[in-house]
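Visitor: Given next are the chains, with one letter for each unit.
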Amino acid sequence: MAGATPAWWSALRRDRKAAAGAALLGAFVVLGLVGPWLVASPDALVGIPLQPPSWSHWLGTTGQGQDVLAQTVAGTRVSLLVGFGVGATVVLLGALLGVTAAYFGGWVDGLLSLLFNVFLVLPGLPLAIVIAAYLPAGPGTVAFVLVVTGWAWNARVLRAEALSLRQRDFVAAAVVSGEGPGRIITRELLPNLTSLLVAQFIGSTVYAIGAQVGLEFLGLGDVSAATWGTNLYWATNDSALLTGAWWTFVPTGVCLALVGSSLVMLNAAFDELANPRLRADRAWRAWLLGHGLAPTRSTPVVDRG
Amino acid sequence: MRRLLGRLGFYALACWAALTLNFFLPRLMPGDPATALFARFRGRLSPEAMGALRQAFGLTDASLPAQYLTYLAHVARGDLGLSVAYYPSPVSQVIAGGLGWTLLLAGTAVLVSFTLGSLLGIAAAWWRGGWVDTLLPPLLALLGAFPYFWLAMVLLYLLGFRLGLFPLGHAYGDDLTPAWSLAFLADVGRHAALPLASLVLSTVGGWMLGMRNAMITVLGSDQVALARAKGLSPARVALGYAARTALLPGVTGFGMAFGFVVGGSLLTEVVFSYPGQGYLLVQAVRNQDYPLMQGIFLVITLAVLGANWLVDLATAWLDPRTRGAR
Numbered sequence: 031m032a033g034a035t036p037a038w039w040s041a042l043r044r045d046r047k048a049a050a051g052a053a054l055l056g057a058f059v060v061l062g063l064v065g066p067w068l069v070a071s072p073d074a075l076v077g078i079p080l081q082p083p084s085w086s087h088w089l090g091t092t093g094q095g096q097d098v099l100a101q102t103v104a105g106t107r108v109s110l111l112v113g114f115g116v117g118a119t120v121v122l123l124g125a126l127l128g129v130t131a132a133y134f135g136g137w138v139d140g141l142l143s144l145l146f147n148v149f150l151v152l153p154g155l156p157l158a159i160v161i162a163a164y165l166p167a168g169p170g171t172v173a174f175v176l177v178v179t180g181w182a183w184n185a186r187v188l189r190a191e192a193l194s195l196r197q198r199d200f201v202a203a204a205v206v207s208g209e210g211p212g213r214i215i216t217r218e219l220l221p222n223l224t225s226l227l228v229a230q231f232i233g234s235t236v237y238a239i240g241a242q243v244g245l246e247f248l249g250l251g252d253v254s255a256a257t258w259g260t261n262l263y264w265a266t267n268d269s270a271l272l273t274g275a276w277w278t279f280v281p282t283g284v285c286l287a288l289v290g291s292s293l294v295m296l297n298a299a300f301d302e303l304a305n306p307r308l309r310a311d312r313a314w315r316a317w318l319l320g321h322g323l324a325p326t327r328s329t330p331v332v333d334r335g
Numbered sequence: 019m020r021r022l023l024g025r026l027g028f029y030a031l032a033c034w035a036a037l038t039l040n041f042f043l044p045r046l047m048p049g050d051p052a053t054a055l056f057a058r059f060r061g062r063l064s065p066e067a068m069g070a071l072r073q074a075f076g077l078t079d080a081s082l083p084a085q086y087l088t089y090l091a092h093v094a095r096g097d098l099g100l101s102v103a104y105y106p107s108p109v110s111q112v113i114a115g116g117l118g119w120t121l122l123l124a125g126t127a128v129l130v131s132f133t134l135g136s137l138l139g140i141a142a143a144w145w146r147g148g149w150v151d152t153l154l155p156p157l158l159a160l161l162g163a164f165p166y167f168w169l170a171m172v173l174l175y176l177l178g179f180r181l182g183l184f185p186l187g188h189a190y191g192d193d194l195t196p197a198w199s200l201a202f203l204a205d206v207g208r209h210a211a212l213p214l215a216s217l218v219l220s221t222v223g224g225w226m227l228g229m230r231n232a233m234i235t236v237l238g239s240d241q242v243a244l245a246r247a248k249g250l251s252p253a254r255v256a257l258g259y260a261a262r263t264a265l266l267p268g269v270t271g272f273g274m275a276f277g278f279v280v281g282g283s284l285l286t287e288v289v290f291s292y293p294g295q296g297y298l299l300v301q302a303v304r305n306q307d308y309p310l311m312q313g314i315f316l317v318i319t320l321a322v323l324g325a326n327w328l329v330d331l332a333t334a335w336l337d338p339r340t341r342g343a344r
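From first to last, the protein sequence lines are chains A and B.
Following the working numbering, the numbering of the first sequence begins with 31 at its first residue and continues without gaps.
Following the working numbering, the numbering of the second sequence begins with 19 at its first residue and continues without gaps.
I should point out that these hints are in silico values taken from the structure, not numbers from a laboratory.
On a predicted model such as this, the values are computed, not experimentally measured, just so you know.
One or more hints might be untrue.
[To be verified] Residues from chain B shown here face chain A by an in silico Cβ test under 10 Å; the list is partial: (1) Arg20; (2) Tyr29; (3) Leu31; (4) Ala163; (5) Tyr166; (6) Tyr175; (7) Leu266; (8) Val269; (9) Phe272; (10) Phe278; (11) Phe315; (12) Thr319; (13) Leu336.
[Claimed, not checked] Residues of chain B placed beyond 12 Å of chain A at every Cβ, according to the derived structure: (14) Gly147; (15) Leu160; (16) Asp192; (17) Ala211; (18) Val288.
[Said to hold, decoys possible] DEER-style ranges, computed between Cβ atoms: (19) Ser269/A with Thr133/B: 55 to 61 Å; (20) Asp73/A with Ser199/B: 39 to 45 Å; (21) Ser291/B with Ala74/A: 30 to 36 Å.
All residues carry an ideal CB built from backbone N, CA and C; glycine is no exception.
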């Protein structure tokens, strides 16, 4: 990544899907940054409860008489912050443990692998709910619980990948030249896993945002703060579903889906960057289509002249 | 065989880890759930109930290791203490009442989603570039981007509240008593339809994509080329040769998917007030019913571990390579 134009930047510019994903995500990040200043306080009681969207309240009011638009916009900040924070922490933790296991092998690997296999097989959401129930409710608790239940998958994937890297000559050369394990892990192994780490960061963020909303929906977050999850919590608590107040839960869901798909779109592009086979397949199909040929399962006989 | 036994040992270990977590969580956390409960129920709980609560938490004056052993012995006997919210019912009895509903919902959801997704994946790979292949993946990916329980809310609102086609909650109508009659089963089906649909809608895309990609790899293999060259019918090549091989990675993911769907169904149950483990778990959390909460976590873990083990058996049966002792 030392070149003038990093590979991911040119990939982003080439790939329309990735560009759309990046633009969408960027819009939400900006909304999270400046949004709370653009709208009135989300907690203010501004009107009659459960009013449908109108000119004065673009997305209507909640069961408490708060402005839904203000709540949705204000919720963006906390939800994204927790999502990205947890995503990054989970990947770092997974990388540290997974790569350590792969590097040392032997009983270290056995013990660590056992640990993350056990964590993988324990059902995540119920465990998260049980832990969160004991801690004081709030975004910190939610983030902590998501890290505890979310790191194992990353560790396992990174261990497998690092295990194959470990066999390569350049690592053997570093070992022979007397480099310490800490240096080899951080300077030789991790840089070669960058694309995988980026993909995992995006994937973990998607997981974190979804799981966070789930926990908050159950009332395990700070129910007095405006976040996407607590918005949905209040929507069901005020029986929005049984009074037909669709505007109290639809905006939040749409925001969640948009952020989720923007991250998935970005991930697809990074995947192609990390996986040359996908890139070749795409280029080949594009070439075929460009020459008026239908890509089929069988390899077509093409005159390349 | 040795492999399967090894896996069994692993599940035993995971089970022990869950038990230990259950034991130490209340002790590691700030505050003391038992004290909180005492405060909440002061004057309303009989001394025996207090004793039972203390027992459930293992919060006796004995040393920590002794408490731990007592706790394990109680769990081994199926004694999970008394529920606070459903006092004086034992936790095991409360859980037994909800377990069937969750297994019905989550089990059916995984089966339907897996079968439907795999069939769609086969179709998408076989007619690559056809309408199944171009239209469905983005649509299902979009649906998958919404949280499980949010889709459930929308389905409940549109089909249940607006159109009145389905009941708005619970597992069966208030006017019916559970019986193995056709009318009752039909009612259960009607009540399960929406939660089931929301779970299937949000998970089917993943199965389809996985199966499609596996199929495309297998379709390019020599084995399939040979089957074609033999002049076998396309249906036989697609289903008997390609799909069977491509199914393997999917089956391996099945056990894990069960865990995810149990997790997802928890929230879906809350939306539909469906009386399964998820609904009970949330009630337990809201009522600070710690014994019930822990019991539910334990039972869900056992169910997920059991499902994983069954999947191990199925993989061994499907894939001759894993059958030999390695």
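Visitor: Now tell me, hint by hint, if it's right for this structure.
Guide: Do the hints match the structure? See the list:
no., hint, result
1, Arg20, "violated, 17 Å"
2, Tyr29, "holds, 7 Å"
3, Leu31, "holds, 7 Å"
4, Ala163, "holds, 4 Å"
5, Tyr166, "holds, 8 Å"
6, Tyr175, "holds, 5 Å"
7, Leu266, "violated, 18 Å"
8, Val269, "violated, 16 Å"
9, Phe272, "violated, 13 Å"
10, Phe278, "holds, 8 Å"
11, Phe315, "holds, 5 Å"
12, Thr319, "holds, 6 Å"
13, Leu336, "violated, 20 Å"
14, Gly147, "violated, 7 Å"
15, Leu160, "violated, 6 Å"
16, Asp192, "holds, 16 Å"
17, Ala211, "holds, 16 Å"
18, Val288, "violated, 7 Å"
19, Ser269/A with Thr133/B: 55 to 61 Å, "violated, 35 Å"
20, Asp73/A with Ser199/B: 39 to 45 Å, "violated, 51 Å"
21, Ser291/B with Ala74/A: 30 to 36 Å, "holds, 31 Å"
Comparing the model with each numbered hint stated earlier shows that hints 1, 7, 8, 9, 13, 14, 15, 18, 19, 20 do not hold.
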